[in-house]
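Participant: Which chain is which? The protein sequence lines are A and B, in order.
Just so it is clear: in the first sequence, position 125 is 134 by the working numbering, and no numbers are missing.
Just so it is clear: in the second sequence, position 277 is 286 by the working numbering, and no numbers are missing.
Since the hints were made in silico from the structure, they are not lab data.
Do not rely on the hints blindly, as some may be mistaken.
Copies of the same chain are indistinguishable here, so a pair counts whether it falls within one copy or spans any two.
[Unchecked claim] With a Cα cut of at most 30 Å, we get these calculated DSSO-like pairs of lysine-lysine:
| # | residue 1 | residue 2 |
| --- | --- | --- |
| 1 | Lys-298 | Lys-72 |
| 2 | Lys-296 | Lys-361 |
| 3 | Lys-303 | Lys-361 |
| 4 | Lys-45 | Lys-298 |
| 5 | Lys-361 | Lys-298 |
| 6 | Lys-72 | Lys-45 |
| 7 | Lys-72 | Lys-303 |
| 8 | Lys-72 | Lys-361 |
| 9 | Lys-45 | Lys-361 |
For clarity, every value in this text was computed on a predicted model and none was experimentally measured.
There are 2 protein chains.
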Amino acid sequence: MRQVRVALGDRSYTIHIGAGLAANASLLADALPALKILVVSNNTVAPLYANFLLELLRAMGRKVHLFELPDGEAFKDVTHIQGIYDALIRHDMDRHSCILALGGGVVGDMAGFAAATYQRGIAFVQMPTTLLAQVDSSVGGKTGVNHPLGKNMIGAFKQPASVIIDISFLRSLPDREFCSGLAEVIKYALIRDRDFLVWLEEHMDRMIARDPQILEEAIARSCQHKAEVVINDELEQGERAFLNFGHTFGHAIETFTGYNTWLHGEAVAAGMYLAASFSSALYGLSKDKVARIKTLLEQARLPIQPPTQMASEDFLNIMRHDKKVKDGRIRLILLPELGRADVLAVDEPVIKNQLDQIMVGQDA
Amino acid sequence: MRQVRVALGDRSYTIHIGAGLAANASLLADALPALKILVVSNNTVAPLYANFLLELLRAMGRKVHLFELPDGEAFKDVTHIQGIYDALIRHDMDRHSCILALGGGVVGDMAGFAAATYQRGIAFVQMPTTLLAQVDSSVGGKTGVNHPLGKNMIGAFKQPASVIIDISFLRSLPDREFCSGLAEVIKYALIRDRDFLVWLEEHMDRMIARDPQILEEAIARSCQHKAEVVINDELEQGERAFLNFGHTFGHAIETFTGYNTWLHGEAVAAGMYLAASFSSALYGLSKDKVARIKTLLEQARLPIQPPTQMASEDFLNIMRHDKKVKDGRIRLILLPELGRADVLAVDEPVIKNQLDQIMVGQDA
Numbered sequence: 010m011r012q013v014r015v016a017l018g019d020r021s022y023t024i025h026i027g028a029g030l031a032a033n034a035s036l037l038a039d040a041l042p043a044l045k046i047l048v049v050s051n052n053t054v055a056p057l058y059a060n061f062l063l064e065l066l067r068a069m070g071r072k073v074h075l076f077e078l079p080d081g082e083a084f085k086d087v088t089h090i091q092g093i094y095d096a097l098i099r100h101d102m103d104r105h106s107c108i109l110a111l112g113g114g115v116v117g118d119m120a121g122f123a124a125a126t127y128q129r130g131i132a133f134v135q136m137p138t139t140l141l142a143q144v145d146s147s148v149g150g151k152t153g154v155n156h157p158l159g160k161n162m163i164g165a166f167k168q169p170a171s172v173i174i175d176i177s178f179l180r181s182l183p184d185r186e187f188c189s190g191l192a193e194v195i196k197y198a199l200i201r202d203r204d205f206l207v208w209l210e211e212h213m214d215r216m217i218a219r220d221p222q223i224l225e226e227a228i229a230r231s232c233q234h235k236a237e238v239v240i241n242d243e244l245e246q247g248e249r250a251f252l253n254f255g256h257t258f259g260h261a262i263e264t265f266t267g268y269n270t271w272l273h274g275e276a277v278a279a280g281m282y283l284a285a286s287f288s289s290a291l292y293g294l295s296k297d298k299v300a301r302i303k304t305l306l307e308q309a310r311l312p313i314q315p316p317t318q319m320a321s322e323d324f325l326n327i328m329r330h331d332k333k334v335k336d337g338r339i340r341l342i343l344l345p346e347l348g349r350a351d352v353l354a355v356d357e358p359v360i361k362n363q364l365d366q367i368m369v370g371q372d373a
Numbered sequence: 010m011r012q013v014r015v016a017l018g019d020r021s022y023t024i025h026i027g028a029g030l031a032a033n034a035s036l037l038a039d040a041l042p043a044l045k046i047l048v049v050s051n052n053t054v055a056p057l058y059a060n061f062l063l064e065l066l067r068a069m070g071r072k073v074h075l076f077e078l079p080d081g082e083a084f085k086d087v088t089h090i091q092g093i094y095d096a097l098i099r100h101d102m103d104r105h106s107c108i109l110a111l112g113g114g115v116v117g118d119m120a121g122f123a124a125a126t127y128q129r130g131i132a133f134v135q136m137p138t139t140l141l142a143q144v145d146s147s148v149g150g151k152t153g154v155n156h157p158l159g160k161n162m163i164g165a166f167k168q169p170a171s172v173i174i175d176i177s178f179l180r181s182l183p184d185r186e187f188c189s190g191l192a193e194v195i196k197y198a199l200i201r202d203r204d205f206l207v208w209l210e211e212h213m214d215r216m217i218a219r220d221p222q223i224l225e226e227a228i229a230r231s232c233q234h235k236a237e238v239v240i241n242d243e244l245e246q247g248e249r250a251f252l253n254f255g256h257t258f259g260h261a262i263e264t265f266t267g268y269n270t271w272l273h274g275e276a277v278a279a280g281m282y283l284a285a286s287f288s289s290a291l292y293g294l295s296k297d298k299v300a301r302i303k304t305l306l307e308q309a310r311l312p313i314q315p316p317t318q319m320a321s322e323d324f325l326n327i328m329r330h331d332k333k334v335k336d337g338r339i340r341l342i343l344l345p346e347l348g349r350a351d352v353l354a355v356d357e358p359v360i361k362n363q364l365d366q367i368m369v370g371q372d373a
């Protein structure tokens, strides 16, 4: 088992990474001291893992209930948060109760938002079951839901009390979802760790084969990066924005396609490749390096092109509502170099022009 | 103008108290540096004050929009929060935009909750227009909405960027609402300031006559108390719970009557008198002192008895869901002495027995 500490004063916590952690009774007993626990999961993950976990926690004397969300980003909205509130109240959960998020990023975001806003905040523990959630969304305290006009428009910063990353969960993860998680792993390498990038280029085959040793290494390095960024900039006033590399375009793709066609990591992969092309045009990142990014994304079986039906105007209409907009200029995260990120406020016509060029290039 | 500082590190802010502050351009310019501002108000307050404020802010170059909620605690729910989100998005408000809450406690709680959860948190400024909001809810960062099963069940801690208390607003406040606010003023005296209690006993007549000097004094002293308690215990782990004196019973009355018959301060007044009776039975507070509390509440034209149709079981059924419950015992705030509060975890049968005795006493 590896551990990564997220040092945030009285909001500090530990990320535990290893195989079989969800069945580790002493770890669970430490991480979940509350008497009453609501396990929030979804109807894909719960049938696989929830019963075992509920029994284990009950054997420890905890009063545990399960709430199942429908599986999918399409249900990540305020209406389904209400369902969690209702369950919390129905089971007489109080301020000292705890929510355990068992699932992917959507479950974690929603369970975390419910924890942030139930009785003005109760504790929650992340037990992420997808690679995406394990390397990204379960760490750092971003919680929230979507609005028809924009992703994660409604939310709060709420750090978990701990994160339990059981690599064994990944065995049941479908290939597409697994690869979607790789997009965020690649992101850390691109924005802040050139050595990790080289390591990924060398180990992507074993990663795709889900070699447990390689997975533990990649997840721990990713969590370490995430933790460092969050420690430096918890509320995203500066450096944390770099984690949005590829995400401004990616969110636009997800919003355009309605959150249910593209997986998050797939949209981010195409967004990262767009951002790499912007980095080449606006920051002089060499074509060779853009090509290396393309190769690595393809090795990870990720898409690099946005939906063909999506025009530059579609991107701009959605990106205007992005949280990173300030006074009308769109802030893009770009790569001056592999392993280093920067932010650039770009006027809309420049973005439109660049997108048109890239997308014409793709059609050809 | 008086000022009270709420010192909370990087969440510190100032409460400004005086007549005519809402028309003080230099104060507004300082308090509202954001380019885009959404004024959240209700359909009672907005027709009186919103236009003037919008014009003043526009003359300063701010892009200002107004969102009106229906007036009343009955509309303090998640559905109406969605309306605020929609307005924020429709007007392209971003992370650097600001919400200005112009209204009473309900407006402040809802605008604050929207600010806490829009794009994971944007700034908001409180401009309370009722006495209740001026002395209590606008200070301290409690925000939220009700759930059919309990008051303020959904919410967040979110400190305002500043509080602008314009005493002139009180001129248009109906008598019942004005007196409702006095309940919270009396509360501060009862739980932490015996001198203030004597001052209130001496000045209640001039207060009821809305003497501006007396009002400014009473509001500033109340805000000072609120600020001190919030500084000591922002997240209500300890002392802040004392501010709930009378509120556990009061919330039960409001929930039972559906949030639209009793005003908050009226329910709190009846709750404080119940808590005073409990203090007499469980802590030995003398009958004379309970009688002084009764006299002061009556001078402030506040009710001291709960709704006649409400039985002890009705109180318990609702109080069980209260946020102050821990592992089944109900935590009551009681007065060992005038000007001093304490918390006591009480078993349900004791509460039922005591309530039955008090309410039999009232019927007689």
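Participant: Does each hint hold? Answer for all of them.
Facilitator: So, going through the hints one by one against the coordinates:
{"no.": "1", "hint": "Lys-298 <-> Lys-72", "in the structure": "neither (54 Å within a copy, 43 Å between copies)"}
{"no.": "2", "hint": "Lys-296 <-> Lys-361", "in the structure": "within (21 Å within a copy, 77 Å between copies)"}
{"no.": "3", "hint": "Lys-303 <-> Lys-361", "in the structure": "within (22 Å within a copy, 70 Å between copies)"}
{"no.": "4", "hint": "Lys-45 <-> Lys-298", "in the structure": "neither (52 Å within a copy, 40 Å between copies)"}
{"no.": "5", "hint": "Lys-361 <-> Lys-298", "in the structure": "within (23 Å within a copy, 74 Å between copies)"}
{"no.": "6", "hint": "Lys-72 <-> Lys-45", "in the structure": "within (5 Å within a copy, 47 Å between copies)"}
{"no.": "7", "hint": "Lys-72 <-> Lys-303", "in the structure": "neither (49 Å within a copy, 43 Å between copies)"}
{"no.": "8", "hint": "Lys-72 <-> Lys-361", "in the structure": "between (55 Å within a copy, 26 Å between copies)"}
{"no.": "9", "hint": "Lys-45 <-> Lys-361", "in the structure": "between (52 Å within a copy, 25 Å between copies)"}
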